[in-house]
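There are 10 protein chains.
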Amino acid sequence: MLFHVKMTVKLPVDMDPAKAARLKADEKELAQGLMREGTWRHLWRIAGQYANYSVFDVPSVQALHDTLMRLPLFPYMEIDVNPLCRHPSSIRDDDS
Amino acid sequence: MLFHVKMTVKLPVDMDPAKAARLKADEKELAQGLMREGTWRHLWRIAGQYANYSVFDVPSVQALHDTLMRLPLFPYMEIDVNPLCRHPSSIRDDDS
Amino acid sequence: MLFHVKMTVKLPVDMDPAKAARLKADEKELAQGLMREGTWRHLWRIAGQYANYSVFDVPSVQALHDTLMRLPLFPYMEIDVNPLCRHPSSIRDDDS
Amino acid sequence: MLFHVKMTVKLPVDMDPAKAARLKADEKELAQGLMREGTWRHLWRIAGQYANYSVFDVPSVQALHDTLMRLPLFPYMEIDVNPLCRHPSSIRDDDS
Amino acid sequence: MLFHVKMTVKLPVDMDPAKAARLKADEKELAQGLMREGTWRHLWRIAGQYANYSVFDVPSVQALHDTLMRLPLFPYMEIDVNPLCRHPSSIRDDDS
Amino acid sequence: MLFHVKMTVKLPVDMDPAKAARLKADEKELAQGLMREGTWRHLWRIAGQYANYSVFDVPSVQALHDTLMRLPLFPYMEIDVNPLCRHPSSIRDDDS
Amino acid sequence: MLFHVKMTVKLPVDMDPAKAARLKADEKELAQGLMREGTWRHLWRIAGQYANYSVFDVPSVQALHDTLMRLPLFPYMEIDVNPLCRHPSSIRDDDS
Amino acid sequence: MLFHVKMTVKLPVDMDPAKAARLKADEKELAQGLMREGTWRHLWRIAGQYANYSVFDVPSVQALHDTLMRLPLFPYMEIDVNPLCRHPSSIRDDDS
Amino acid sequence: MLFHVKMTVKLPVDMDPAKAARLKADEKELAQGLMREGTWRHLWRIAGQYANYSVFDVPSVQALHDTLMRLPLFPYMEIDVNPLCRHPSSIRDDDS
Amino acid sequence: MLFHVKMTVKLPVDMDPAKAARLKADEKELAQGLMREGTWRHLWRIAGQYANYSVFDVPSVQALHDTLMRLPLFPYMEIDVNPLCRHPSSIRDDDS
Chain A
1 MLFHVKMTVK LPVDMDPAKA ARLKADEKEL AQGLMREGTW RHLWRIAGQY
51 ANYSVFDVPS VQALHDTLMR LPLFPYMEID VNPLCRHPSS IRDDDS
Chain B
1 MLFHVKMTVK LPVDMDPAKA ARLKADEKEL AQGLMREGTW RHLWRIAGQY
51 ANYSVFDVPS VQALHDTLMR LPLFPYMEID VNPLCRHPSS IRDDDS
Chain C
1 MLFHVKMTVK LPVDMDPAKA ARLKADEKEL AQGLMREGTW RHLWRIAGQY
51 ANYSVFDVPS VQALHDTLMR LPLFPYMEID VNPLCRHPSS IRDDDS
Chain D
1 MLFHVKMTVK LPVDMDPAKA ARLKADEKEL AQGLMREGTW RHLWRIAGQY
51 ANYSVFDVPS VQALHDTLMR LPLFPYMEID VNPLCRHPSS IRDDDS
Chain E
1 MLFHVKMTVK LPVDMDPAKA ARLKADEKEL AQGLMREGTW RHLWRIAGQY
51 ANYSVFDVPS VQALHDTLMR LPLFPYMEID VNPLCRHPSS IRDDDS
Chain F
1 MLFHVKMTVK LPVDMDPAKA ARLKADEKEL AQGLMREGTW RHLWRIAGQY
51 ANYSVFDVPS VQALHDTLMR LPLFPYMEID VNPLCRHPSS IRDDDS
Chain G
1 MLFHVKMTVK LPVDMDPAKA ARLKADEKEL AQGLMREGTW RHLWRIAGQY
51 ANYSVFDVPS VQALHDTLMR LPLFPYMEID VNPLCRHPSS IRDDDS
Chain H
1 MLFHVKMTVK LPVDMDPAKA ARLKADEKEL AQGLMREGTW RHLWRIAGQY
51 ANYSVFDVPS VQALHDTLMR LPLFPYMEID VNPLCRHPSS IRDDDS
Chain I
1 MLFHVKMTVK LPVDMDPAKA ARLKADEKEL AQGLMREGTW RHLWRIAGQY
51 ANYSVFDVPS VQALHDTLMR LPLFPYMEID VNPLCRHPSS IRDDDS
Chain J
1 MLFHVKMTVK LPVDMDPAKA ARLKADEKEL AQGLMREGTW RHLWRIAGQY
51 ANYSVFDVPS VQALHDTLMR LPLFPYMEID VNPLCRHPSS IRDDDS
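Residue numbers (UniProt numbering), protein chains in the order written: chain A, 1 to 96; chain B, 1 to 96; chain C, 1 to 96; chain D, 1 to 96; chain E, 1 to 96; chain F, 1 to 96; chain G, 1 to 96; chain H, 1 to 96; chain I, 1 to 96; chain J, 1 to 96.
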């Protein structure tokens with residue numbers, strides 16, 4: 001099941017740079033693991049924003065929520081979730 | 001170059017059903033042609049909405065605009081465009 | 001899987017009363033069938049509004065979308081969907 | 001009498017983890033007591049959010065307000081209250 | 001039980017004047033009956049707006065909803081409801 | 001002359017509890033004096049919010065402003081003012 | 001007593017031009033009478049908008065409301081009212 | 001040339017009172033100088049708000065900007081600028 | 001003097017195509033005349049929108065307003081005006 | 001390819017003045033280099049705001065994003081990006 005997720009990251013401007021770097025490295029490692037296993041289907045940076053549009057493929061809403069809660073940057077993110085379904089006009093195999 | 005596009009369709013509730021059906025059929029045919037040629041990279045229906053999230057792959061902003069203007073449902077749509085770029089954490093080939 | 005849905009109905013003020021009555025009767029019949037089969041888990045009227053908060057229990061996002069699209073009042077509704085999951089503090093059997 | 005309540009929790013990102021843990025434990029204990037006595041009728045987590053949708057069953061508006069004010073997380077929450085009433089289409093015993 | 005209600009009236013600018021006058025007369029008659037019986041506790045016009053702030057005193061949410069639905073101008077109003085309770089600083093007998 | 005005022009109080013979550021208690025006690029004392037003299041005509045708590053709806057009866061806009069500025073919690077409040085006038089449908093003596 | 005008023009005019013695009021011209025002429029005549037008597041203290045057009053910022057000088061809220069309701073364009077306007085009082089830094093005689 | 005300016009002042013609640021007093025005194029002195037020279041044409045306090053509506057008379061946009069930037073409270077203000085022009089219905093000499 | 005203007009065109013979906021074509025042709029002719037004389041300094045289409053960002057160079061606010069009011073599409077446009085001034089970091093001759 | 005960018009700068013009011021001055025000087029130097037090479041096509045200050053409207057000319061979305069990320073003030077800015085294309089009515093050489 002697919003979910004469209006917008007994540008906007010708001011790190012405090014005075015956060016310790018080492019802590020910020022560690023958080024980002026941890027986030028990247030976890031994200032890439034989720035991509036390899038197919039859970040995090042797409043990840044794009046929105047130009048000019050510290051934000052991304054993502055598509056997740058999960059077996060349930062609970063799995064989506066648990067995945068998002070595990071992200072190291074979760075406490076610093078605004079998250080917007082929209083459930084997706086196949087569009088009747090789509091001819092692409094990977095749109096569902 | 002990738003662009004994230006949200007389209008929300010607002011047909012007048014009293015539109016002639018035959019006209020609505022023709023518009024939707026024309027839209028579908030054009031959309032599928034654009035998918036076949038790779039311009040309309042992704043198309044998902046947002047659950048519960050007469051709306052979609054799409055990703056377009058175009059050589060220029062002008063090409064994106066010309067494509068959207070050709071859509072038969074364009075006069076009835078609210079369109080929201082966000083330019084995308086590769087996310088440094090993405091490991092997927094098809095995210096750029 | 002549970003989804004929280006807010007539906008706000010906006011019938012044109014000059015709609016033919018007979019048509020409005022028929023739409024509402026059809027909506028009621030379909031809604032009650034969905035309640036009997038367990039798909040439409042909860043339905044509450046929001047006081048002072050022609051609007052409701054509902055909870056749907058469906059096997060997939062696609063099933064949710066197809067159900068909402070079948071509602072006779074769908075063309076006249078603004079719909080807002082939020083996926084739900086079990087709250088770790090809930091002790092109620094029927095909250096998931 | 002039923003009230004629909006949305007609670008969004010905004011803990012300061014630099015809150016002492018022990019204090020946060022204690023607040024959450026106290027909140028959970030109080031919430032479960034209110035569920036056992038039937039006051040907190042439903043509690044669902046909104047996917048991807050530190051937020052919930054709840055339904056309270058109380059004898060009066062005053063009782064609702066007093067209950068919400070007692071929540072340990074109240075000072076950190078944005079709360080949105082909507083009074084509910086039975087929907088004429090509902091056939092479920094527990095929708096009022 | 002008290003509820004704060006804001007009503008904003010939006011009559012179509014091309015409504016037949018006789019129909020508008022009849023609607024307003026019916027609304028006034030019903031409103032004054034509700035005031036006499038104590039249900040419609042306060043009614044103030046908001047300066048410069050075709051809108052009012054009101055306070056209703058009703059035995060239940062259902063009674064509030066049924067009352068609002070009976071208003072002849074209901075189909076033309078945007079309604080905003082907020083449940084009220086006694087303020088601990090109030091010393092006025094008629095604030096609850 | 002009547003004015004409808006909504007006050008939303010936003011105390012910093014880390015305010016010294018003794019200072020907060022003193023501010024609230026001072027606010028209560030001043031508020032009750034204003035109620036006794038008839039300036040603060042109504043005061044209701046909005047359920048689930050640290051906010052109130054109030055009605056002030058003052059001889060001028062200047063008097064309203066001076067009164068609000070004297071409130072000990074003024075620096076922590078968002079205030080929304082709407083001038084009121086008698087509604088032609090009101091039959092209540094105390095609605096003007 | 002002074003009130004700041006923003007008026008935004010929204011005439012239907014298909015309004016009969018003769019009717020629109022008559023409404024505007026009537027509005028102008030009434031406005032100029034109110035200016036001559038000192039009630040409509042200031043009137044400025046907002047650049048690029050069919051809208052104005054105005055300042056009214058009236059003996060009461062009721063007088064303000066009655067004046068605005070008499071405007072021929074009232075049914076086509078969105079009106080935003082803010083009560084004004086003398087600013088402690090002002091040295092201008094005509095700012096109160 | 002006239003510009004309508006809304007200024008909303010947001011001083012941090014924990015600002016040193018002496019610093020706040022000095023800022024306000026400096027602001028007042030500068031404002032009164034600008035009023036004497038005719039640049040700051042009007043200044044009204046919005047009732048119940050730490051905010052004002054002002055009208056500036058300047059030879060150019062640059063002059064307006066430079067004036068606003070010199071205000072001691074500028075770093076603590078939200079500023080909203082609207083260019084004004086003479087309204088065709090105005091008969092007042094000082095409305096342009 | 002420079003002004004940044006955003007224009008969003010909202011033609012009724014059922015407008016007579018000949019009338020729409022004529023309006024657009026008239027708009028284009030007037031726009032190009034204003035460009036040739038240097039008043040309409042820049043004009044860009046916003047991708048995916050029936051909207052543009054423009055920069056006007058005018059001797060006064062009044063001249064800006066009169067120019068915008070002459071546009072054949074004015075009754076169908078939402079217009080947003082922001083006065084511009086030279087940025088201290090700009091090194092471009094044509095940015096003022 | 002052209003992009004319209006609005007940047008709003010929000011420096012903390014208690015930022016060390018030397019740090020703020022250094023950030024602004026670095027920003028200015030980088031901005032002027034980007035203007036000299038033609039990337040930062042236009043830069044205007046919005047009157048009364050610590051904000052600018054800019055137009056960038058870049059070979060790709062990625063180039064735009066990388067450029068914006070390099071700005072020293074990026075962590076303190078809200079950025080709004082809109083892709084532009086040539087307007088069919090423009091006759092100016094430098095509008096594309």
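Source of the hints: derived by calculation from the structure; they are not laboratory data. This structure is a prediction, so every number in the text was calculated from the model and none was measured. Cβ coordinates follow ideal geometry from the N, Cα and C atoms, glycine included. Any given hint could be a false lead.
With beta-carbon atoms standing in for the labels, derived distance ranges [unchecked claim]:
1. Thr-8(A) to Pro-17(F): 30 to 40 Å
2. Glu-78(D) to Ala-20(H): 25 to 35 Å
3. Asp-16(F) to Glu-37(G): 30 to 40 Å
4. Lys-19(G) to Phe-74(J): 49 to 59 Å
5. Glu-29(A) to Asp-16(F): 19 to 29 Å
Legend entry - Violating hint indices (sorted, rising): Numbers 3 and 5, in rising order.
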